[in-house]
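J.: The lines below spell out each chain.
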Amino acid sequence: MSKAFLGTLAAVLLAAGPALAAGDMGAAAKQAVNPTAIAMFVAFVGLTLGITYWAAKRTRTASDFYTAGGGISGFQNGLAIAGDYMSAATLLGLSSMVYLTGFDGVAYIVSFFVGWPIILFLMAERLRNLGRFTFADIASYRLDQSRVRTFAAMGSLTVVCCYLVVQMVGAGQLIKLLFGLDYAVAVVLVGVLMVIYVTFGGMIATTWVQIIKACLMLGGGLLLLLLVLVQFGFSLESIAAKATAAHKAGVKIMGPGALLADPVSTVSMSLGLVFGTSALPHIMMRFFTVPNAKEARKSVFVASGLIGMFFLVVAILGMAAISIVGTDPKFFEGGVVGGKLMGGNNMPIMHLAQAMGGDLLLGFMSAVAFATILAVVAGLALAGASSIAHDLYARVICKGKATEAQEMRVSKLSSLALGVVGVVLGILFEKQNVAFLVGLTFGIAASANFPVLILSMYWKGLTTRGALWGGLAGLISAVTLVILSKTVWVAVIGYAQPIFPYEHPALFSMSLAFLVTIVVSKLDSSARAKAEIAAYEDQYVRSQTGIGAAAASAH
Amino acid sequence: MSDPVYQRVRQNPKFQVLVQKRGRLALVLSLIVLVSYYALMMAVAFAPDALRTPIGQGSAISIGFPIAAVIIVISWLLTGVYSYFANGEFEDLNNEIVAESER
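Heads up: the sequence lines are chains A and B, in that order.
Reminder that position 445 of the first sequence reads as 448 in my numbering, one-by-one numbering, no gaps.
Reminder that position 30 of the second sequence reads as 833 in my numbering, one-by-one numbering, no gaps.
Bound conformation, chain B alone (with noise of 0.2 Å):
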């Protein structure tokens, strides 16, 4: 009751391959931001005084904030690296999946 269509890509080793290295690329980047960021959560409840370092002899501004910012930066270059591999490699290997699908 499948659809042939489905059927044929399912048995497509290309597929598998599609799959798992996606997948991977997708576990591993969420993985950073949301350790990352939770870390700086726990941070926050249960050492406090570590963010309160100052940056630098006499400056008034603590360690916390250049962490928090880079959170934010790594977060968004993670997107570009995302989007880097899902469209090319994997969108490559995609449409030749496609293709095949339809002979």
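Only chain A is shown next, with the shape it has when bound in the complex (with noise of 0.2 Å):
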């Protein structure tokens, strides 16, 4: 295997663990039914559908839909961030990343966790003081209220469609083999629960789902490392000394191997991932739902101590599976150690849950992958909502005009929406690659919402005209360069070579909407960029302060 079919491979398998889960469990049979899983599941579902009828009662206005009303205390928000950060991909995809390479996917775990100091440091208290419900109410805080707030919107949209889609086949995948129901079946129930949390509950509800899954992850993510560490008589050497002897590439896989040869294509990947998921519209919400700034900081220290925690703790299951997994003939197709492994890559660690728990662990942990998918997807729907209805709807079509009720109607209607387009198109990608989806929520969160968002805050010469230009600038570089690139130009399109060598175009599509944000601001001289330019300076003041923060979310 050359290098940069391993890079590629591993940029995938990264971004996308339920989605290459997608291509690779396609083939695999489906699993007998697990009824502890169940059983499990069902409790999971039973308590949160509960939590969503208590929460129902209390959401009675748009600010209760969509922040909370601003109530969720800075520890709660701090669950449910690293919930939000957690996904199925994390739990699956780095743990099998450190499975296959070792290093090299502890080296990774770094770059999915550096992006969290940065956000606290130079993003998190300008959110909470700037924005009220989205991330348009920033960028479009001091320009053109409909042009750019509608452009926002859209981008929001486009990634919280592309994320939901992708989410959806994982699910379908990830179900069919872990419970063993049928995709269709699968894919129906995610979606149907998914618009009965954000419809009832809004973002009371789903903050709860996100709560509760987030103890769920990390109760069994740490119960596994007690069992590994039993195991191993609690010696990190002990688990290490087993790996290298057991993986095929030996003491290798203690350094630097062939997935991070290429600089360009990590550095490209891990500012898409710091800076995509920085831009995420469903992490972004999240700091609307906390009362203050000192409550939204207080928040991201919890949220980054709960995920680096994980991420280490997955890092030493990852080391652990290496030698318990990797070496049982039971976990490989056809009884064949270094064989296929069961299920696909991405499975290591539901085998090592099943090696040290048997199977009443694998279907707790099935249950909470199941649960992680569930929660994330009701993140994505109630952003897509709030774009529609609190962007699109009340802002830009009604300007202002629409009663509070009204718009609390239409965003209803679009989670139902949007719980049919994901089911749709769920069903209709069962059979299809869907890794571009993944390259294309990143690129077009980090080069298309990214910039803009982050110049609004930070650059006082901003201007309509630049934002437009360079978020539109931005949006075409990252979707053309994803379907240069292997994902689509090789695996859906069928050429023998990629245009574009890289997975993730972030480098260099995110680069260029910086640059084109910038001259077209600069050169824009209407009275119009005049006027943007001095709102700046009371823009400045509330973002430090947070005065005027607090009457606005009061309304």
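Worth flagging that the hints you see were computed from the coordinates, not collected in a lab.
Treat the numbers as computed from the prediction; the structure is a model and nothing was measured.
Some hints could be false.
What the hints assert, rightly or not - Below, a list of computed lysine-lysine pairs in the DSS-like style, where the Cα atoms sit at most 27 Å apart: (1) K434(A) <-> K343(A); (2) K463(A) <-> K817(B); (3) K404(A) <-> K415(A); (4) K463(A) <-> K824(B).
Hints given; two lone chains; assemble the complex.
T.: Listed below in structure tokens is the structure:
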């Protein structure tokens, strides 16, 4: 296998645990029905539906619906952010990266993590002080309301839809494999539950689903870690020694290998992940659920502590899986050790759970994986519904004259519509390779949304014209580069060689978006541009002190 | 055309102090995180053998693993440092500024 191929393989694996699972597991046979997994999952669904019922009674205003009325504490929000970030891709994808490549996987884990402190230092409090419900609130704060808001809302919606389809396809494949349910049944089930959580319980229910899931995932991970440490006599040395003995690359797994050989690819991916993540609409929305900037900071501290701990646990589990799973014939197809892993390459942590705790622990971890997908799609649907109802309907179409009841009705209809779109596309894409949608999701978030967002907060000179041209440049270049890359050009269209050699476009498309935004803004000498530049001073004071933000969220 | 409240805040010397101090802290902490992370990635690209050095005589663990773990732990601790100052000293200063702007 060539280095370049390994590099792209890693990139896909990483960003797209569930997506890769789709390609990987497509051929895998349906598992036998696992009663423990189903019982635990039913318990989770029952509990979350109960919470939704409770939340529905507390969701009266638009602010309750979009942001839980700003009533989530910093600690709770930290748990929920951690829940948003620790997706099925993290649990399955990152542990399998470490299982397959050792140190390279660990280096990727670090790449995933370092975005968090940066989000806190540079973005969290300004986001909280300027925004109300959506990130378009901030991007259009001092720019042209209808045009910039429409663009930002469309950017959010595109990201939400792409990511929703990825999650749906991943969910269908994963559930088919772990629970023995039909693909279509699984997708419809996820869609229906998502719509129920969001339309009835809004942000309150979505947050609590996320919190419960984060606790389950951390609990499951720590339990598995404890069992593994007992097995190895609490010696990391012994885990490492057995791993080097068991892995076919031997001692090489302890150092950088082929996956990171290409720095351009690595940097492009890490930029896309770090800044794409920070511009994902459902993640940004979480900063509006806390009452003030102080709680927003606290929530990032809590979230990064939990995420960091979980990532370290995942790294140790991945290393342990090398010797436990990698030497046991029952986890390989046809019992050939070193051959094809049962259920595909994303399964090491599930096999590890079975090896350490039998069907009971496997059932528990399967239920956690399903719960994870449910929580993430609920967050996505809510973010999408707020873009449609708050940005497009209430602000752009009705020019702020819609009543709260009308806006709420539109947002509930939108989440229903997003549920239908998610289920239909999820079923249509069953046999497709959806890896390109992951590239698109992060590429568009990092190239079309992020530059406009960060410049609107930090750069006085940003104008409407600059934001629109720059955002458009980022959008078009990200989409074009993804089409020219291996995931579409080779995997979907069928050419032998990709024109664009990297999986993630961010290094190029994000730089282009920044460049175009700055140049066009500088050249813009219209009267509107002058007014927009002058308005930065007031925005700056508000972004730093929060004066005016409390009033805005009380309305 | 600027809102008088915001104008008052801008003229408050405490506002300049807040912005400068908090901005400098955020910048320094971001640099620590980014420099240590990109140092690791550069070592991966250009000095991979250095990262393969065992942590002790005959140990199977290479030095790359503790370095990666330390970067994660330190980045997290720095978010704690930032929150400690921003939610303590700077928050108090901010509250004073907000209170003074309302007079």
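J.: Tell me, which hint numbers fail for this structure?
T.: Violated hints: none; all satisfied.
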